Amino acid sequence: RRVKLRDDLKDSITFLTNYYVRDGFRPDQVAEDLYGSSNLDWVVLHTAGVVNVRDEWPLDSYEIYNYALNKYGDDLNQIRHYETKEVKDSSDRLILPKGKIVDSGFTIPDPSSSTATLNPVGGVTNYEYESKLNDEKRSIYIISPDYLQVFLNDMKDIMRYTDSSQFIDVDLIQTENTRNTDPN
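According to our numbering, numbering within the sequence shown proceeds without interruption in unit steps and concludes at 283.
Hints in this document: simulated from the structure, not taken from any laboratory. Please note: incorrect hints may appear among the correct ones.
[Unchecked claim] Result set (DSSO-like, lysine-lysine): computed pairs, CA atoms no more than 27 angstroms apart in a straight line:
#	residue 1	residue 2
1	K231	K184
2	K197	K231
3	K255	K231
4	K187	K199
5	K197	K187
6	K236	K184
7	K197	K184
8	K236	K197
9	K187	K255
10	K255	K199
11	K231	K170
12	K199	K231
13	K199	K184
14	K236	K170
These numbers come from a predicted model, not from an experiment.
Given these sequences and hints, build the entire structure.
In structure tokens form, the structure reads like this:
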């Protein structure tokens, strides 16, 4: 069976806790750290919304470097795109936020001068880009330890099979692989 965490719980601070996945930490280590049992790695993955661990779990520093090197080769340190740098005026008001993708020649009027312009951009290399994407995967929301037992009980109830034509027992039903077809 396939179940998912209710959408309304994803915005709940009460039920979920923000967890930062440290460099090299696997789901079983996160479960051990937060819940005291590495066997609850499936809870970490499920509540974080991770379906494919290989693509959706953060790589460690060594792995992200090798991944980027294999993907870009000699172009690893080439500029991928340009991003804005933060600009504030003399009253500390935000004029331009950082991180907006722009052309290398992007300019804005200098807030401290009526005639000058600024070129508040910096290049982002392919490696920096991949590292940033990887770092964004480090912040996950998972079920709070205070609600773990409620979650486990609910999952047990949801996953229990009931009487039907496919019923074998409460933990098992009969099914067929619809991808295999027998012409006979």
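Structure-based check of all given hints:
no., hint, result
1, K231 <-> K184, "holds, 16 angstroms"
2, K197 <-> K231, "holds, 14 angstroms"
3, K255 <-> K231, "violated, 37 angstroms"
4, K187 <-> K199, "holds, 15 angstroms"
5, K197 <-> K187, "holds, 11 angstroms"
6, K236 <-> K184, "holds, 23 angstroms"
7, K197 <-> K184, "holds, 4 angstroms"
8, K236 <-> K197, "holds, 20 angstroms"
9, K187 <-> K255, "violated, 54 angstroms"
10, K255 <-> K199, "violated, 45 angstroms"
11, K231 <-> K170, "holds, 15 angstroms"
12, K199 <-> K231, "holds, 14 angstroms"
13, K199 <-> K184, "holds, 8 angstroms"
14, K236 <-> K170, "holds, 19 angstroms"
Hint violations for this structure: numbers 3, 9, 10, all remaining hints satisfied.
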